[in-house]
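Quick note: the sequence shown uses the working numbering, first residue 41, plus one each step.
Simulated from the structure, these hints should not be mistaken for laboratory data. From a predicted model like this one, the values you see are computed outputs, not experimental measurements. Virtual Cβ for every residue (Gly too), placed ideally from N, Cα, C. Hints may be right or wrong, so weigh each one.
To be verified - Cβ-Cβ distance ranges computed for the label pairs, FRET-style: (1) Asn99 with Ser229: 13 to 23 Å; (2) Asp148 with Asp177: 26 to 36 Å; (3) Lys323 with Ser167: 32 to 42 Å; (4) Ser232 with Lys194: 33 to 43 Å; (5) Met165 with Ala262: 13 to 23 Å; (6) Leu338 with Gly222: 15 to 25 Å; (7) Ser229 with Lys330: 19 to 29 Å; (8) Leu338 with Ser229: 40 to 50 Å; (9) Asp315 with Val193: 20 to 30 Å.
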Amino acid sequence: MVVKGEMDSNVTEPESFWEMDSAWTTTVLLVPCVVLLTAGFFYLYGVIMGLLSNKSVRNKVVVITDALSGLGKECAGVFHKGGARLILCGKNWEKLEELADDLANASDPTVTFPPKLVLLDFADMDSMPEAIAEILDCYGCLDIIIFNSSMKVKAPAQTLSLEVDKLLMDNNYFGPVTLAKGVLPSMISRRSGHLLLVNSIQGRLAVPFRSTYAASKHAVQAFFDCLRAEVEEYGISVSTISHNFISCSASGAPATSKSLWSLLYTKKPLGVSPDEAAAEIVKTLNNKRKEVVIAPSLPKMAIYTRSFFPNVFFAVIGAGVKNAAIAAEM
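Input sequences plus hints: build the corresponding full structure.
Shown next as structure tokens:
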């Protein structure tokens, strides 16, 4: 009986080994297949969403408040190819005409619409009523407005004159707010529309030597946050996209300093390219996302640190200012 038991044990061990080996082989073969299928799914999903993105703006009336900026030109190209009825705004009429010609030459006129052009300067508040009326007269209605105009300044707070403060507030706050209020009655009557503010991350995070700029960005962020809740009942969507910096092009330049200060506030290589920002705008419009932050992990972490650990944030910022002052004196 004992011998038989031992023989049975000797027989089952090889069977168990082959079962384990077979399971291991199956797993090794199955994992790459699952990875490939998953990658294929996401690729097809991206292709389908890309096609839907183009169709989602077809025949829509889209206003770009600063079509002459890098981001504005990129958005103009994307929406024009997608069949949108563009209203391109800017301060320079000749450059607007050049942009319209470039778009026409690079597209099929049978599936696109020639852009309408409107002179718009947020710094000239007296001209805003006329500009708003002209925008509304282009097609009689509006579907999407991309508020991407902005003015920047970097200087110690005590060196900025009140005139400069007012100029920044006109460009970054009063201008967009005036335009939004001017077109809202039309959107409310149609019970549809989408307002998208391209804001800076400094609307969420104040940075030294950018006092007035950060103040204007905080103000416009707060306005659109309030507006979102007020107009939701009319079927109007409000989105904000906060970026740390939009570069002229994709940059792979190495950072000149590895300090926390430089990583938080250097423009390159942490900035997003215009095409990346434009793609994010399309996604935001399609998904009707309310708030998006386009920034590397460290600036995002700084936002949360400011909210939950303010004293730590203030200490880091203060140390950065001191280090900058010491470096300037050396």
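Verification of the supplied hints:
no., hint, verdict
1, Asn99 with Ser229: 13 to 23 Å, "19 Å, holds"
2, Asp148 with Asp177: 26 to 36 Å, "27 Å, holds"
3, Lys323 with Ser167: 32 to 42 Å, "33 Å, holds"
4, Ser232 with Lys194: 33 to 43 Å, "39 Å, holds"
5, Met165 with Ala262: 13 to 23 Å, "20 Å, holds"
6, Leu338 with Gly222: 15 to 25 Å, "38 Å, violated"
7, Ser229 with Lys330: 19 to 29 Å, "23 Å, holds"
8, Leu338 with Ser229: 40 to 50 Å, "45 Å, holds"
9, Asp315 with Val193: 20 to 30 Å, "27 Å, holds"
The earlier numbered hint that this structure contradicts is number 6, and it is the only one.
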